[in-house]
Amino acid sequence: MSIDLSQFFEVFFEESFEGLDAMESELLNLEPGTEDKETINTIFRAAHSIKGGSGTFGFTSVSDFTHVLETLLDQIRDGQRDLTTEYVNLLLKSVDCLRTLLRALQAEETPDLEEADALRGKFEAILGMQSASVSDDSSSAAAEVTLNTYQIDFKPKPHLFKTGNEPLFMISELGELGDIETKAFYDAVPDIHQLHPDECFLSWRFFLTTDKEQRAIEEIFEWVEDDAEITIGVCGGIFEGERGAVSEESEQQSVHKTPTPTAATGSSPATNKELVKKAESKKSSDSSTSNSIRVGIDKVDSLINMVGELVITQAMLSQIGEQEITESTITALQEGLAQLAHNTRDLQENVMRIRMLPISFVFSRFPRLVRDISQKLNKQVELKLLGEQTELDKTVMEKISDPMVHLVRNSLDHGLEIPEQRIAAGKDPVGTVTLNAFHQGGNIVIEIMDDGQGLNTEKIRQKAIDNGLIQAHEELSSDEINELIFMPGFSTADEVSDISGRGVGMDVVRRNIQALNGSVEVSSARGVGSTFTIRLPLTLAILDGQLVQVAQHTYIIPLISIVESLQIDISKVSRVGKDLDVLRLRDEYIPILRLYEILNHQGAIEELDKTLLVVVESDNHKVGLLVDDLLAQQQVVIKSLEANYQKVDGISGATILGDGRVSLIVDISGLIKLSGLKRPGSQELLVEQHSNEVA
Amino acid sequence: MSEQKDLNHQLNLRKQQDENQYLTFMMADEEYGLDILAVQEIRGWEDVTAIPNSPNFVKGAINLRGTIVPIIDLRLRFGIQSISYGPLTVVIVVSVQIREQQKVMGLVVDAVSDVYSISQEKAKDVPDFQDSDNGQYVDGLVNVGEKMVVLLNLAKVLDLNSKQVAQS
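Protein sequence lines correspond, in order, to chains P and F.
Positions in the first sequence are counted from 1; adding 969 to them yields this note's numbering.
Positions in the second sequence are counted from 1; adding 51 to them yields this note's numbering.
For the record, the hints were derived by calculation from the structure and aren't laboratory data.
Careful, some of the hints might be misleading.
As the list claims (entries may be wrong) - For each label pair, taking beta carbons as the anchor points, the in silico distance ranges come out as: (1) 1347/P <-> 150/F: 49 to 57 Å; (2) 138/F <-> 1297/P: 46 to 54 Å; (3) 138/F <-> 1287/P: 31 to 39 Å; (4) 107/F <-> 1449/P: 35 to 43 Å.
Stated by the list, open to error - Computed list of lysine to any residue pairs in SDA-like fashion (alpha-carbon distance at most 20 Å, straight line): (5) 1616/P <-> 146/F; (6) 1616/P <-> 104/F; (7) 1616/P <-> 74/F; (8) 1616/P <-> 149/F; (9) 1616/P <-> 111/F.
Said to hold, decoys possible - With the C-beta cut set under 8 Å, the calculated list includes, among others, these residues of chain P facing chain F: (10) 1057; (11) 1058; (12) 1170; (13) 1281; (14) 1574; (15) 1608; (16) 1613; (17) 1616; (18) 1617; (19) 1618; (20) 1619; (21) 1631.
Glycine residues also receive a C-beta, built at the ideal position from the N, C-alpha and C atoms.
So that you can see chain P by itself, here it is in the shape it has in the complex (with noise of 0.2 Å):
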């Protein structure tokens, strides 16, 4: 009895692809010379288990590039051999090689070896200069073993080429065992017009004189066995005069054989490889919205205890139904039906937080990528990371990614100057690229920081001048010409690089992140760095809230931007201008914010002395709202009011409360801009100013 092996190809696809993701982040932290033990070992595991895997499917491309690369790595592991930052170099890319070939598997579509074979060379190389003096050794004490002359008929079946195997590399591993001649067959290629460049039409026939035993040559031919009629037999002396003929034989044909192999290969090499190249990047792309989700043990451990508890109240539910109605069993009921209602609210918040993901999972992939390309441009960067733990929907997650990638490339290529302009401007070499994330309101915030040379105004003016973007006596503020960055068709770049410079980004990087109801934002000082600030809503994403009371309304604020709450001290209160009320707090002024006055809800407590006031920080500035009450705190999961209604000013969303009702969540900055305190444009409050005066 066989067992069907493909049923177990996408957990070995997706173990493999963690098993790239985890040496990938391991080779980043790999420093030469200080290199950890422990670290080439997960390494090396990693890169053994994808050996093992691919070995075990058949996927024999792979096990064959993973070998060497595993040599490699035994070897420093062993200490035989130090790393250097060119080892760690080679099997970064090999593990992008190692990548591209699992997703050609994975699409069954035949991988492209080209890169992998170069790679290969290249660590044969290195693994070579040493081998070479042991093998010289093996073979002088084997030069005493007869010679034998093997005949061995290589007769492919034309599907050959979709297995993954390339007769190229079988007849050069025969080379190499001995002398060989060859003889090809290419009787069965058909007409040009009836040739299908994925399909194998040749066969060959070989004379092999070797030391070796007839095993070796079995040996390279082992995964091929099923798709190919191989018969390998000692021939001796006698077949002489025969040989001779066929390689007169097939010098005559070696003429007419040279374009043979490329036709059935692959008939335009170029034009062939462009497609696939194509075809993988589509892969890719469908591939990185993957449809599986990986869930911490212990969300499903609640949701089983949770699921637990349903059951349980289900049960007892049942049996308060049996029993015959009297008053006792009326309040039963009533007290299981409350536990069910609670269960099944927990039960829903925690399936919804099955689909919250941190977002490290978008930024893991940034340390590569600064990597890759601060080499490439010369330029010393370090990344720091920052609220990786912050979680946010999957599917969010997904789109924002691409844009972030875009955001990064830029900083480093415009942003960053290379280390002897840093120096020279004053700063360290080594530049910063900061991505942090954090939840503020109803959003998420990513803020992509670097401290490079800021936007260049004049620069980005003239440029928007040239391209007709704007008018030469058009007046613009700093930061209407900064937004003209994410116009279509804007690049400063003075040379088009692969990296950035086509002008065709900040326009889609906006485009994109609006799509997800979000916003892009930049801020830049000059010489000092830029800010680019993305927001996104979290319509599924979970926020600690604290609940107040306005009125006869209840309203969430956002416990992240709560300071303190406190009851006012009428005597610390002074009014400023007509009808704004401040407190003292400890050397600052808070203005107060009656959040009845601004919500415009009747019934509120007015005198300040019987309120509250919740003391809330947004954009740097602190304001007190005044509230009537404050009730319970909990965690709320965000639902869009904009989806069947529309945006409402001061309201980042809504929630659905423990007992079905809905209740509004309040967006502090957009409060403060309804209250008026500050005039659009402005980054200062008009209390600010007042009290500068008064300073």
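Fit chain F to the supplied structure of chain P, relying on the hints for placement.
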């Protein structure tokens, strides 16, 4: 028997002509009709959560099985004197395509009335309102028996970004 005949007759009629079915409801003694395919469900009135700084006809939002659905009082939307909500007050939950977005909203009306099949030809009969504000919300006026039914253009009625709303 006569009922069966009647039904057959109706079925035949539906086949012969292109007819649409309309759900009708009562508001201030007038009968209005909505395309029945837009109707998702009919609910009783329940308490809503007020949305701050919204036009007066937006009563608030409710939780409809996990989605936030705004509730619109059609009387106020049309500038008719509002009445207090009673046990008969119903909310018709509709799903409408507004500016390329599918939105689910609830409409507060006095009472649900009937379902009629109305031929498209007849429904197209739009009188000239001579630019009156509410005229654009009407798709047509049809007579069903003795009664007159106003067929509403939901997409326009519920488009809260239109100029009329901005002015109010």
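_Given hint residue 1281/P near chain F, where the shortest CB pair must fall under 8 Å_ = Violated: closest Cβ of chain F sits about 25 Å from residue 1281/P, beyond 8 Å.
_With the threshold set at 20 Å, check whether the alpha-carbon distance from residue 1616/P to residue 74/F stays at or below it._
30 Å, violated
*asked:* Using the nearest Cβ pair, does residue 1057/P come within less than 8 Å of chain F?
replied: Because about 50 Å separates residue 1057/P from the closest Cβ in chain F, which is outside the 8 Å limit, the hint is violated.
*How does the Cβ-Cβ distance of residue 1347/P and residue 150/F compare with 49 to 57 Å: does it lie in that range?*
Since residue 1347/P and residue 150/F have Cβ atoms about 50 Å apart, the given range 49 to 57 Å holds.
_Less than 8 Å between beta-carbons is the criterion; does residue 1574/P satisfy it with respect to chain F?_
17 Å, violated
*Could you check if residue 1617/P really has its C-beta closer than 8 Å to a C-beta on chain F?*
6 Å, holds
_31 to 39 Å as the expected CB spacing between residue 1287/P and residue 138/F, which holds or is violated_ = 33 Å, holds
_Against the 20 Å threshold, does the CA-CA distance of residue 1616/P and residue 111/F hold or violate the hint?_
14 Å, holds
*Given residue 1619/P as an interface hint, is the shortest Cβ-Cβ distance to chain F below 8 Å?*
7 Å, holds
*residue 1616/P as an interface hint toward chain F, with CB separation required under 8 Å*: Constraint on residue 1616/P not satisfied, violated at 10 Å.
_Given hint residue 1613/P near chain F, where the shortest CB pair must fall under 8 Å_ = OK, holds: residue 1613/P within 8 Å of chain F, min 5 Å.
*In this structure, is the beta-carbon distance linking residue 138/F and residue 1297/P contained in 46 to 54 Å?*
32 Å, violated
Hint compliance for this structure: hints 2, 7, 10, 11, 12, 13, 14, 17 are not met, and every other hint is.
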